[in-house]
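J.: Protein sequence lines, in the order shown, are assigned to chains A and B.
My numbering applies: residue 1 is where the first sequence begins, and numbers increase by one.
My numbering applies: residue 161 is where the second sequence begins, and numbers increase by one.
Take these hints with a grain of salt, some might be off.
Said to hold, decoys possible - Every beta carbon over 12 angstroms from chain A, so not counted as near; a handful from chain B, in silico:
{"id": "1", "residue": "Pro267"}
{"id": "2", "residue": "Gln285"}
{"id": "3", "residue": "Cys375"}
{"id": "4", "residue": "Trp392"}
{"id": "5", "residue": "Arg520"}
{"id": "6", "residue": "Asp538"}
{"id": "7", "residue": "Gln565"}
Unchecked claim - Restraint ranges, calculated between C-beta atoms of paired labels, are given here:
{"id": "8", "chain 1": "A", "residue 1": "Asp150", "chain 2": "B", "residue 2": "Glu321", "range": "29 to 37 angstroms"}
{"id": "9", "chain 1": "A", "residue 1": "Asp48", "chain 2": "B", "residue 2": "Ala300", "range": "39 to 47 angstroms"}
{"id": "10", "chain 1": "B", "residue 1": "Asp396", "chain 2": "A", "residue 2": "Arg74", "range": "34 to 42 angstroms"}
{"id": "11", "chain 1": "A", "residue 1": "Asp48", "chain 2": "B", "residue 2": "Ala170", "range": "32 to 40 angstroms"}
Calculated from the structure, these hints are not laboratory results.
Glycine included, each C-beta is placed from N, C-alpha and C at the ideal position.
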Amino acid sequence: MSFPAREDLIEFVYDEARLLDDQQFEEWLGLWAPDSHYWMPLEYKQTDPDLVTSLLYEDEFLRKMRVHRLTGQRTFSQQPRSRCSHVLNRPRIVTMSEDRQEFVTETRFHYVETRLDDQFLLAATSRHELVLIDGALKIKLKRVDLLNCDASFGNIQLFL
Amino acid sequence: MGKYTNNPQAIAALIRNGEVHRDLYIDEELFNLEMKHLFANTWIYAGHESQVPNEGDFITTEIARQPLIMIRHGDGEIYLLHNRCMHKGVKVLADRCGNTGKRLRCPYHAWSYRTDGRLLSLPFQKGYEGTGFEDSEAAAGLPRVKAVKNYRGFVFARLSEHGIGFEKFFGDALSSLDNMIDRSPEGRLEVAGPPLRYMHKCNWKMLVENQTDACHPMVAHESSAGTVAQMWKELDMPEDAPKPMAVEVVVPFTSPYEFYDKMGIRVWPNGHGHTGVHGGIHSNYSSIPGYYEKMVAAYGENRAQAILGENRHNTVYFPNVMLKGPIQLLRVFTPLAADRTQVDSYIYRLVGAPDMLLARTAMYNRLINAPTSVVGHDDLEMYERAQEGLLSDGADWVNFQRLYQPDEGTEVTAEVHGTSEQQMRNQFYAWKKFMLASMEKAAA
Numbered sequence: 001m002s003f004p005a006r007e008d009l010i011e012f013v014y015d016e017a018r019l020l021d022d023q024q025f026e027e028w029l030g031l032w033a034p035d036s037h038y039w040m041p042l043e044y045k046q047t048d049p050d051l052v053t054s055l056l057y058e059d060e061f062l063r064k065m066r067v068h069r070l071t072g073q074r075t076f077s078q079q080p081r082s083r084c085s086h087v088l089n090r091p092r093i094v095t096m097s098e099d100r101q102e103f104v105t106e107t108r109f110h111y112v113e114t115r116l117d118d119q120f121l122l123a124a125t126s127r128h129e130l131v132l133i134d135g136a137l138k139i140k141l142k143r144v145d146l147l148n149c150d151a152s153f154g155n156i157q158l159f160l
Numbered sequence: 161m162g163k164y165t166n167n168p169q170a171i172a173a174l175i176r177n178g179e180v181h182r183d184l185y186i187d188e189e190l191f192n193l194e195m196k197h198l199f200a201n202t203w204i205y206a207g208h209e210s211q212v213p214n215e216g217d218f219i220t221t222e223i224a225r226q227p228l229i230m231i232r233h234g235d236g237e238i239y240l241l242h243n244r245c246m247h248k249g250v251k252v253l254a255d256r257c258g259n260t261g262k263r264l265r266c267p268y269h270a271w272s273y274r275t276d277g278r279l280l281s282l283p284f285q286k287g288y289e290g291t292g293f294e295d296s297e298a299a300a301g302l303p304r305v306k307a308v309k310n311y312r313g314f315v316f317a318r319l320s321e322h323g324i325g326f327e328k329f330f331g332d333a334l335s336s337l338d339n340m341i342d343r344s345p346e347g348r349l350e351v352a353g354p355p356l357r358y359m360h361k362c363n364w365k366m367l368v369e370n371q372t373d374a375c376h377p378m379v380a381h382e383s384s385a386g387t388v389a390q391m392w393k394e395l396d397m398p399e400d401a402p403k404p405m406a407v408e409v410v411v412p413f414t415s416p417y418e419f420y421d422k423m424g425i426r427v428w429p430n431g432h433g434h435t436g437v438h439g440g441i442h443s444n445y446s447s448i449p450g451y452y453e454k455m456v457a458a459y460g461e462n463r464a465q466a467i468l469g470e471n472r473h474n475t476v477y478f479p480n481v482m483l484k485g486p487i488q489l490l491r492v493f494t495p496l497a498a499d500r501t502q503v504d505s506y507i508y509r510l511v512g513a514p515d516m517l518l519a520r521t522a523m524y525n526r527l528i529n530a531p532t533s534v535v536g537h538d539d540l541e542m543y544e545r546a547q548e549g550l551l552s553d554g555a556d557w558v559n560f561q562r563l564y565q566p567d568e569g570t571e572v573t574a575e576v577h578g579t580s581e582q583q584m585r586n587q588f589y590a591w592k593k594f595m596l597a598s599m600e601k602a603a604a
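From just these sequences and the hints, can you work out the full model?
T.: This is the structure we're talking about:
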């Protein structure tokens with residue numbers, strides 16, 4: 001791919017959610033660019049990931065750690081395992097810049113996570129900042145803003 | 161009325177040598193009595209002055225399920241008012257924080273109050289003429305919590321009008337708070353951003369006990385910290401390679417029993433105590449460029465070294481606060497029901513220190529205290545299993561006997577092994593003392 005079509009960007013976002021729902025986490029880890037971040041702010045319209053607490057701000061090392069932990073023999077909070085489901089609105093393309101090779105989408109979605117008798121629903125918006133690396137789209141930044149980011153949550157164990 | 165109301169003997173019998181009765185965790189009647197007695201008789205953290213810097217600034221909070229407003233008055237004083245209009249009981253303020261200007265105005269019928277709680281005006285006031293309104297409870301304005309102490313910016317309150325004084329209640333335990341504040345070259349902290357909010361379906365005491373529980377990290381956190389340690393090892397970096405901040409923060413959780421045991425615990429009277437008498441999991445963080453120089457400039461070399469050399473791990477301020485001085489973090493465990501606890505984790509900026517310190521603290525907070533934190537998941541899973549397990553009628557007692565000594569004393573300052581459960585017992589001794597303090601008075 002030398003320059004992605006609009007449909008490629010949209011498919012990428014849907015595919016990413018499907019990998020998460022199918023718990024194909026190793027493949028999911030492969031979607032990321034080097035030096036990329038998975039960010040879930042704590043504050044509504046938060047601008048600073050460093051000096052204000054976030055729910056998540058994970059580099060490659062921490063994303064891998066999460067994935068490895070999920071399958072650990074002594075990961076008791078995942079015995080039994082959680083399951084999740086993303087229902088995505090059609091991703092909106094915010095930026096398609098050929099010169100800068102930057103592609104940005106914004107997607108509203110509902111997320112359901114369940115374990116034993118507990119199930120919860122979150123509404124969120126994800127922003128994918130994508131780059132082309134060797135002809136493939138990769139995530140530079142995925143920002144997930146929860147509609148109720150300032151609410152009190154129990155455990156959120158999988159990935160939005 | 162159940163078995164504990166007006167029955168101090170029954171309550172006293174719930175604590176015995178190295179064991180406590182499971183009703184402390186599951187019984188709603190006992191929970192209600194905790195709110196009425198324990199949480200009224202002790203000094204509870206309400207907020208930080210930097211959250212209300214200007215006249216009319218407020219935060220809403222709660223202590224013992226009482227809705228409260230912490231507000232800055234025109235004279236600079238911070239007041240704690242009951243968030244309950246004297247007319248129909250409507251909460252005057254609903255936001256978590258904001259500015260109310262010079263007066264608090266109830267949105268239902270426009271009863272208005274000054275920011276110190278005094279009644280300011282009622283609309284169409286002549287309707288109260290000749291009614292004896294001036295002698296009513298309402299005429300006094302929003303009830304003010306009288307026992308409030310602003311200690312170097314940290315605001316504590318005792319709901320009960322009479323009782324133990326602030327200094328006597330905390331005593332030498334204030335040294336942990338002092339150390340956290342002294343780490344600012346200007347001796348001043350500011351709350352940085354909103355707290356992480358984490359709902360726990362368990363009793364509040366489980367969280368407090370866990371703060372000085374040095375025998376759980378290597379077991380419960382094997383999944384999270386153990387994974388980080390393993391991944392770091394597999395990268396096969398040279399011994400002296402700089403560790404990423406996340407590795408530095410999480411890996412110490414996997415330290416062996418001997419490490420935690422040597423770290424030591426100090427207990428103080430009234431249920432306070434801390435781990436990390438001889439350093440701890442925060443001791444080996446790499447230094448932040450420029451910070452030490454600022455500390456030396458502010459305090460001189462000896463004093464700066466003394467401040468930074470103190471690496472207390474977790475300090476418990478009984479009943480429901482945990483403080484981490486070396487990384488400027490404070491967690492409040494707010495009881496909502498016998499099986500429900502709201503956890504708020506605040507971080508603070510050291511005024512005058514490099515931002516990198518705050519960045520590390522923010523990282524620690526999200527890696528360890530967030531509802532999205534893998535370390536948090538490890539702990540909450542255990543608390544919730546305990547909450548469910550304690551419903552079993554198969555046994556009545558929860559065990560706290562590790563390194564128990566019959567003569568250890570219930571109100572002592574002592575330094576003990578890091579793996580001792582003495583600080584947990586210390587909390588129960590205080591629990592009993594402050595539960596009974598107002599009951600026995602009422603019975604007399």
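J.: Run the C-beta distances from proline 267 of chain B to all of chain A and say if the shortest one exceeds 12 angstroms.
T.: About 21 angstroms separates proline 267 of chain B from the closest Cβ of chain A, which puts it past 12 angstroms; holds.
J.: A range of 39 to 47 angstroms was offered for this pair. Does it hold for the Cβ distance of aspartate 48 of chain A and alanine 300 of chain B?
T.: For alanine 300 of chain B against aspartate 48 of chain A, whose Cβ atoms are near 44 angstroms apart, the range 39 to 47 angstroms holds.
J.: That 34 to 42 angstroms hint for aspartate 396 of chain B and arginine 74 of chain A (C-beta), does it hold up?
T.: For aspartate 396 of chain B and arginine 74 of chain A the Cβ distance comes to about 24 angstroms; the hint is violated.
J.: Can we trust that tryptophan 392 of chain B is non-interface, i.e. its beta-carbon lies farther than 12 angstroms from all of chain A?
T.: Non-interface label fails for tryptophan 392 of chain B: nearest chain A Cβ at 9 angstroms, not farther than 12 angstroms.
J.: Is the claim that aspartate 538 of chain B lies outside the interface with chain A correct, judged by CB distances over 12 angstroms?
T.: Nearest chain A Cβ is 6 angstroms from aspartate 538 of chain B, so the label is violated.
J.: For glutamine 565 of chain B, is the shortest beta carbon distance to chain A beyond 12 angstroms?
T.: holds (32 angstroms)
J.: Compute the least Cβ-Cβ separation between cysteine 375 of chain B and chain A, then decide whether it is above 12 angstroms.
T.: At roughly 15 angstroms from the nearest Cβ of chain A, cysteine 375 of chain B sits farther out than 12 angstroms, so the non-interface label holds.
J.: Within 29 to 37 angstroms or not, the Cβ separation of aspartate 150 of chain A and glutamate 321 of chain B?
T.: About 34 angstroms separates the Cβ atoms of aspartate 150 of chain A and glutamate 321 of chain B, which means 29 to 37 angstroms holds.
J.: Do aspartate 48 of chain A and alanine 170 of chain B keep their Cβ atoms within the hinted range of 32 to 40 angstroms?
T.: violated (52 angstroms)
J.: Confirm or reject the statement that arginine 520 of chain B sits farther than 12 angstroms, beta carbon to beta carbon, from all of chain A.
T.: violated (10 angstroms)
J.: Compute the least Cβ-Cβ separation between glutamine 285 of chain B and chain A, then decide whether it is above 12 angstroms.
T.: About 39 angstroms separates glutamine 285 of chain B from the closest Cβ of chain A, which puts it past 12 angstroms; holds.
Figure legend: structure checked against the earlier numbered hints; hints not met, in rising order: 4, 5, 6, 10 and 11.
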